[in-house]
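S.K.: These protein sequence lines are chains A and B, in that order.
Taking the numbering used here, the leading residue of the first sequence gets 35, the next gets one more, and so forth.
Taking the numbering used here, the leading residue of the second sequence gets 80, the next gets one more, and so forth.
Treat the hints with care, since some could be wrong.
Using 16 Å as the maximum straight-line C-alpha spacing, the simulated EDC-like pairs for lysine to aspartate or glutamate come out as follows [unchecked claim]:
#, chain 1, residue 1, chain 2, residue 2
1, A, Lys236, B, Asp175
2, A, Lys55, B, Asp229
3, A, Lys236, B, Asp174
4, A, Lys196, A, Asp229
These aren't lab readings, by the way, just hints derived from the structure by calculation.
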Amino acid sequence: MKTKLILFFLGAGLILASCTKYPPSSDRLLEDLVVYTKYDTSVDFTQFKTYYMSDSLVKVSDKDSGWLYNAQVQVITSQIAKNMNSLGYTRTWNAKTCDLYLGVSYVVNVNVTVYYPGWYWGYPGYYPPDYWGGGGYYYPYYPTYVTSYTAGTLLMDMMNVKHPIDNKIPVCWNAYIRGLVTGTHTNAQLQQSVDAAFNQTKGFPGH
Amino acid sequence: MKKILLVILALIMTAGIIQAQDKPASLGFTPSSYYTFSWNTTFTMGDFNKWVGNASPAGFDLGGRYFINGGLAAGFNICWQRVSQSYGYQTFYGDDGSAVTATNYRFTWMVPFQGVIAYHFMPDKMVSPFVGLGIGGDYMEHHLLVQEYDIYKTRWDFSLTPEVGALIKFGAFSSWGGLVAFNYKWTTNKIEFNNNVASKDLQMLNLKVGLVMVIR
Numbered sequence: 035m036k037t038k039l040i041l042f043f044l045g046a047g048l049i050l051a052s053c054t055k056y057p058p059s060s061d062r063l064l065e066d067l068v069v070y071t072k073y074d075t076s077v078d079f080t081q082f083k084t085y086y087m088s089d090s091l092v093k094v095s096d097k098d099s100g101w102l103y104n105a106q107v108q109v110i111t112s113q114i115a116k117n118m119n120s121l122g123y124t125r126t127w128n129a130k131t132c133d134l135y136l137g138v139s140y141v142v143n144v145n146v147t148v149y150y151p152g153w154y155w156g157y158p159g160y161y162p163p164d165y166w167g168g169g170g171y172y173y174p175y176y177p178t179y180v181t182s183y184t185a186g187t188l189l190m191d192m193m194n195v196k197h198p199i200d201n202k203i204p205v206c207w208n209a210y211i212r213g214l215v216t217g218t219h220t221n222a223q224l225q226q227s228v229d230a231a232f233n234q235t236k237g238f239p240g241h
Numbered sequence: 080m081k082k083i084l085l086v087i088l089a090l091i092m093t094a095g096i097i098q099a100q101d102k103p104a105s106l107g108f109t110p111s112s113y114y115t116f117s118w119n120t121t122f123t124m125g126d127f128n129k130w131v132g133n134a135s136p137a138g139f140d141l142g143g144r145y146f147i148n149g150g151l152a153a154g155f156n157i158c159w160q161r162v163s164q165s166y167g168y169q170t171f172y173g174d175d176g177s178a179v180t181a182t183n184y185r186f187t188w189m190v191p192f193q194g195v196i197a198y199h200f201m202p203d204k205m206v207s208p209f210v211g212l213g214i215g216g217d218y219m220e221h222h223l224l225v226q227e228y229d230i231y232k233t234r235w236d237f238s239l240t241p242e243v244g245a246l247i248k249f250g251a252f253s254s255w256g257g258l259v260a261f262n263y264k265w266t267t268n269k270i271e272f273n274n275n276v277a278s279k280d281l282q283m284l285n286l287k288v289g290l291v292m293v294i295r
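Kindly produce the complete structure, drawing on both the sequences and the hints.
M.R.: So this is what it looks like as structure tokens:
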């Protein structure tokens, strides 16, 4: 009887020990069109008047680099511009004199498993910070990092080129949208995702 | 929920009918104690149901009862339970300027532990219905998962669990049997996240189906 009892408790204990606290990560991670944003809560976004953004996206890839410009990119950049305009900012084509520089890129394929915002700044296509007289870009807040990503993730960084701090150009807002630039989404989905990034930022004027 | 109650009622009535036929089948011995291991399905109620509305089959229960006097038994229960639900695309706002629009995944992980008093109406019969009351506490973790964000609160509580059920032995002189039990649980636990979700006095129903090992 004692042996049976020991086996009974061993079996029950094994089953209990095999029960995990967390649901499977496949249920809750790596979804398309997840929108992350973060902004510097100390920045007054009403102080800015103009912004510069390229019409093309910077390609972040292990294999090649450069720019992407196609119909899908047009939809995305137009929607970003529409949101920026509705915040009261005026688009300028003179990057030298703008208040805000909006760097927009997308991940084609990069061999990393932990992604910290900013690691892509060195890729060709990004304006170097010394263009505005800065010694580098930096986040004045602790940026969000992710432990996984999908190809096609859109990255946006809003640099405050108007007010470099300690010879560095601060990022005042950053966003990324998982899996947006894959060619598998409708224009409406692209537009909604871009809108979500702006709408969920409480620090923007009028929000 | 009604269906489950009906099933439980039918099981208990069936047990009564079996007992009523001729003489109730006897075990051939009076047990001194028994141990149970059961699969536990949780149905959240009240405020808890606003947090997670799904019934959850993710749960196990380990228990023991020791007969003190006649049909009166005392013992314990230790469980593992999880209730969870996905809530589609919603925006979660952090207090540091961050925001995420993604599928929100909520779950509560529970480790209840209780002392139990139970009364068995026919402890030496093949089918032994009982009523019981568990008194104890829970360790609970309430998680809100938004992609990489895991926002959670941990809480201890006090809990009360009235229970009805039956042991159904597999044969005379066998030390093995089945267990069916149904309980209502009331706790002092609560859930609060940035004032977005507020649930207090968490309550639930549990259906337990499992094995029992009877000791002479």
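S.K.: Checking one constraint from the list: CA of A/Lys236 to CA of B/Asp174, max 16 Å. Satisfied?
M.R.: Holds: A/Lys236 and B/Asp174 sit about 11 Å apart, inside 16 Å.
S.K.: Does B/Asp229 lie within 16 Å of A/Lys55 when you go C-alpha to C-alpha?
M.R.: 13 Å, holds
S.K.: With the threshold set at 16 Å, check whether the alpha-carbon distance from A/Lys236 to B/Asp175 stays at or below it.
M.R.: 11 Å, holds
S.K.: Compare the distance between the alpha carbons of A/Lys196 and A/Asp229 with 16 Å, and conclude whether the hinted pair is satisfied.
M.R.: 25 Å, violated
Checked against the numbered hints given earlier, this structure breaks only hint 4.
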